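Novice: So the sequences go chain by chain: H and R.
Residues 28 to 502 in the working numbering are what the first sequence spells out, letter by letter.
Residues 8 to 190 in the working numbering are what the second sequence spells out, letter by letter.
Just so you know, the hints here were simulated from the structure itself, not pulled from any lab data.
Keep in mind that this is a model prediction, so the values were computed, not measured.
One or more of the hints may lead you astray.
Said to hold, decoys possible - Partial list, computed: chain R residues near chain H (C-beta under 10 angstroms): (1) A75; (2) E76; (3) L77; (4) T131; (5) Y133.
Yeah, the Cβ is synthetic: ideal placement off N, Cα and C, and Gly gets one too.
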Amino acid sequence: MSRIVTIDPVTRIEGHARITLTLSDAGKVEDARFHLTQFRGFEKFCEGRPYREMPALTARTCGICPVSHILASNKACDHLLSVTIPPTAEMLRRVMNLAQITQSHALSFFHLSSPDLLLGWDADPASRNVFGVMRKDPALARDGIRLRQIGQTIIEMLGGKKIHPTWVVPGGVAEPLDAVKRDAILALLPEGLDVAKRTYAFYKTLVPRFVDEARHFGTQPTLFLSLVSPKGHLEHYDGLLRIKDAKGNIVEDMVPAIEYERLIGEAAEDWSYMKFPYYKPLGYPAGIYRVGPLARLNNADACGTPYADVALAEFRMLQEQGPVASTFHYHYARLVEIIYALEMMERLLKSPDILDTRVRARARSNRDEGIGVSEAPRGTLMHHYRIDDNGLITWVNLIIATGHNNLAMNQSILQVAETYVDGNRMQEGMLNRVEAVIRCYDPCLSCASHAFGEMPLVVELADARGRVVDRLERR
Amino acid sequence: MRPHARAAPTQRQVPGRSGAAPASRTLVIGYGSPIRGDDAIGPLAAERLATGPVPDGVRVVSRHVLTAELAEDLAAVDRVVFLDATVEGQPGEVRVRGLAPDARAVSTMAHFHDPRELLAWCETLYGRAPQAWLVSVAGQSFDYASYRLTPCAEAAVAAMLAEVRRLIAGPSPSAGPDTGRIG
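Build the full structure now, drawing on both the sequences and the hints.
Specialist: Here's what the structure looks like:
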C-alpha cells in the first residue's frame, strides 16, 4: 500500500504551497508534486480597465516585486503606443530594475536560504531560521539588510516613496534624474559592492560543503530560457530570447520577445493554480525549462562588467562542461548577479546622458496588442495585453518567472525526495531538503498564482489509494 | 578571520536626512495593501500625514508590507509608530497599543514581517529597538480589487492621525525595548 507525505505549508517562500510525496509499499518515493493552493485572477479582473492603468494594477500583484511588473507592464504599453522610449529613460528603467534585483536576491540568499546553508539541513527547526543566523553570524545578516536597504533606497530615490512607484510610465519615465539624486545613488554603490564581494567570497568557502546537495538538488536536464543582449551578454531589461539545451547547444537565439508565443505554450493541471509553461517545439511536458539567475548565467556569453565576469568564470567551473545543471547553484548565480547589478548601475549612472531631460515619448495607442518582456529577479516576466478602440483591456496574459519554473520545480522535488526521503523512517531534515530545493528557485507564488490566500507548507504521506497516512505541517 | 567577522556597525545616516541630530528621531510606517479595501488605511494615513507639517526628526514612509531592510531604519530611531488596519473591533474603531519585540510573531509569508518580528530583528542585530506603538483602525471591508476605503474607515483616518500626532508630539523616549509600552 503506498502512502502520501504532505509538506504544508512550504516555508521561507513567498506565497502558499503544498508538497505531496507519494510513497510505494516499500516506502520509496514514486511521485512528487508542488501544489499552488492560492487563487487570484489578475488576468481576469484587469479586463475592461484602461491600458494605462495596467502598470499600477499589475504592480499590485505582489508587494515583493512590484518593480518587475511595473517595468514589464510599461514595456507592453510602450508597444501599444508603438514608441521607442528615449535612451535615457531606458537607462533609468534599467537602474531601477537592477536595484530591485539587488534587494530581491539579497533577501533570498541572506534571510531565506542562509538558515540551511549556515546552520545545516538537519539543525533543530526551532533555531533553523533567520534568528538562528543572526545569532551565529550577525554581520552576515546585517549585510543582507544593508543590501536590501541600498536596493530599496535607490528605488525610492528614482520612483518616489509611494508604495508602488508611478515614475515609470508608458513611453519612458515621468521625471528625469537630477545630479543630486544621481550622486546620492552613486555614493551607495561602493558599499553595496563591498558587501556583495565579501559575501561572494564567503559563499565560495561554503560551496564545497554542499557537494551532495549540488549533485541531487534538481540536476534534471532542462532547457534554459532568458533574455540576452544583442551581443549575447547578460540582460535584465530588454534584449532577445535565447534558449539553450542541457548540453549547452543554443536551440533558439535572438528571438524578439514579442514572438514569445512561438516558443512558449502553457498547460494546466487540476492539482495546482499555477500554470505549466513549456517549450512548444518539444511539447508538454518534455519542453521543460528553467528561468532565473541560473538560466541567465548559463545563457549569457559574458556579463560585461569586470568583477561579475570573473565570478561568472568561476561559476562555470562548478561543472566540468555544459551549462551548470544543479538547481542548488541558483544561490551562487544570485550572488554573481548582485555583483553585476551593482557594477552595472554604477556604469549607467556615470553615463554622460543619464541626466538628459528627454525621458518620455508621448503617443496614444497605435496598435491593439502589446507585449512587454523583462527579467524579474526570479526570471523572465511576460505581460501581454489586447485592447479595444477605446484603449480598454479586452484580454491579458501574464507569464510569471515562477510559473516558467513550475515543471522544473516539480521534477526537482521528485529528485530530492527520491534521494533523501525514506518513507519508513521519516525525519524532519529529509523534508527540509525537499523544501530547500524549492527555496533554491526563490518562488514568488503571489505572482505566479492565478491566487490569493495563505502560504504555509504541508508534506503529506498517502497510501496507494490516496489516503493520507502521515502529515507534517508548518504554520 | 571569517569574511564577515567585523566590528558591530555604527548607526548609518538615513539618506536624505540632515547632518544635525534631530531632537527626537521618530519613524512613522503606514503599511497595507492598496487593493484590499480598508487594508490600505495605514499607507493612506501615512501619505496624508506626510503632506502636512511634520515635526523635525519625524520621518514618514508608506509600505505595502513590512520588509527586512526596515530593521536598520528602526535601529536609527528612538520611536516608531506603525499604522495598520485590523479585523478586530467595531469598524472604524481606533486603537493604540505598545509593541515589544517578539521573535515568535513570524509572518507565514517569508518576504514580510509582523511589526513585533521586525522589532525583534532590530533588537537582535543592532542591540536595541525603539519604543514602538501600533495605531490601528478596524476595517469593514477587505475585498480584493477594492481601491477605496469604506466610509467608516475613511472617517476614522482623522482620528488615527490625531493619535499619531499625539504620540509623536510626546517627549523623546530614551531608546530601549521596554520604554513606554502600554499593552
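Novice: Hints first: check each against the structure and report whether it holds.
Specialist: Okay, the hints, checked on the actual structure:
| no. | hint | in the structure |
| --- | --- | --- |
| 1 | A75 | 5 angstroms, holds |
| 2 | E76 | 4 angstroms, holds |
| 3 | L77 | 8 angstroms, holds |
| 4 | T131 | 5 angstroms, holds |
| 5 | Y133 | 8 angstroms, holds |
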